[in-house]
Amino acid sequence: MTRLPDTEPPATEDGFDQLIHAPVRLRICAALNPVREIEFGALLTMLGISKSALSKHIALLTDAGYVTSRRAVRDTRQRLWLSLTRAGRSAYRTHVAALHRIVGDDRP
Amino acid sequence: METHGRIGPAEASAALASAERSRARVAWTGYPAWYWLTTAAGLALLPLTTLPPAWLGVAICLAVGIVLTRLAVAVNRARGVCEGWTGSAMRAREVAVLYGPSAAVLLAGAFTARLAWWAPIAAGVLVFVLFAGTALTLGARAARP
Chain A
1 MTRLPDTEPP
11 ATEDGFDQLI
21 HAPVRLRICA
31 ALNPVREIEF
41 GALLTMLGIS
51 KSALSKHIAL
61 LTDAGYVTSR
71 RAVRDTRQRL
81 WLSLTRAGRS
91 AYRTHVAALH
101 RIVGDDRP
Chain B
1 METHGRIGPA
11 EASAALASAE
21 RSRARVAWTG
31 YPAWYWLTTA
41 AGLALLPLTT
51 LPPAWLGVAI
61 CLAVGIVLTR
71 LAVAVNRARG
81 VCEGWTGSAM
91 RAREVAVLYG
101 PSAAVLLAGA
111 FTARLAWWAP
121 IAAGVLVFVL
131 FAGTALTLGA
141 RAARP
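If you read the sequences in order, they're chains A and B.
Every letter in the first sequence is one number past the one before it in the numbering used here, and letter 1, counting from 1, is 1.
Every letter in the second sequence is one number past the one before it in the numbering used here, and letter 65, counting from 1, is 65.
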């Protein structure tokens, strides 16, 4: 599992978050940000990546306290629902604001 | 791929575009076509509620509202997305593009209902075509890789 070095904090002072900025994790957070929760399989389809890759990135985001998950049974199948935590939502929005600043667009 | 250090405007812009595509896919993909057609049919019923007595018209409006809300929740659950009651993955601009023209036609239909008997029927057909056409087009656009 890829981990960021312990000496490097995920977010800098300007809100740029190294953990979120990785392409797949940015797309995961962008997908989770506007909704309450998304089912793992649906997220897999939307992102078009492998199950193992998604699991790996979700594990990293969960370890950082950015994503939380719950299991629920539907149609006799157990499904995993994912959502951003309050800290994750805040970190994602701050990171997007930092990206806007880098682009020179001061939108929130 | 891990990213370290500050990035330039080009990479930041690409990252924002990627995030926006991800958001649009959550907002628009996974809906079956029949959902948009059923919702369009439900909205198309609304102008016709000016034709029966007022109490029946109000009852039909309420029933359509309840059915469409329950349908939206069920379809969202089935596609694996729970938006909650207050939030939506759609941007305000997308909501305006989707519902704005239909709402304008509904209002126009309501105002012209007393002028011509066929006005509510024409409004209903127009609402169906506008809403279904817009929803299916935006859904197909967001689903593109």
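If you're looking for bench data, these hints aren't it; they were derived computationally from the structure.
Remember, it's a predicted structure, so these values are computed and weren't measured experimentally.
Hints are not guaranteed to be accurate.
Cβ pair distances, simulated, as ranges [to be verified]: (1) T69(B) to A87(A): 56 to 64 Å; (2) D75(A) to R70(B): 16 to 24 Å; (3) A14(B) to T45(A): 55 to 63 Å.
Far from chain A, some chain B residues (derived; all Cβ distances over 10 Å) [to be verified]: (4) V26; (5) P32; (6) V58; (7) V67; (8) L68; (9) V81; (10) L106; (11) G139.
Virtual Cβ for every residue (Gly too), placed ideally from N, Cα, C.
Hints, verified against the model:
1. T69(B) to A87(A): 56 to 64 Å: violated (32 Å)
2. D75(A) to R70(B): 16 to 24 Å: holds (18 Å)
3. A14(B) to T45(A): 55 to 63 Å: violated (23 Å)
4. V26: violated (5 Å)
5. P32: P32(B) is indeed farther than 10 Å from all Cβ atoms of chain A, at 14 Å.
6. V58: holds (32 Å)
7. V67: The claim stands: V67(B) keeps its Cβ more than 10 Å from every Cβ of chain A (closest is about 22 Å).
8. L68: At about 19 Å from chain A, L68(B) clears the 10 Å cut-off, so the statement holds.
9. V81: violated (5 Å)
10. L106: The claim stands: L106(B) keeps its Cβ more than 10 Å from every Cβ of chain A (closest is about 27 Å).
11. G139: Answer for G139(B): holds, closest chain A Cβ roughly 13 Å.
This entry does not satisfy hints 1, 3, 4, 9, going by the numbered hints stated previously.
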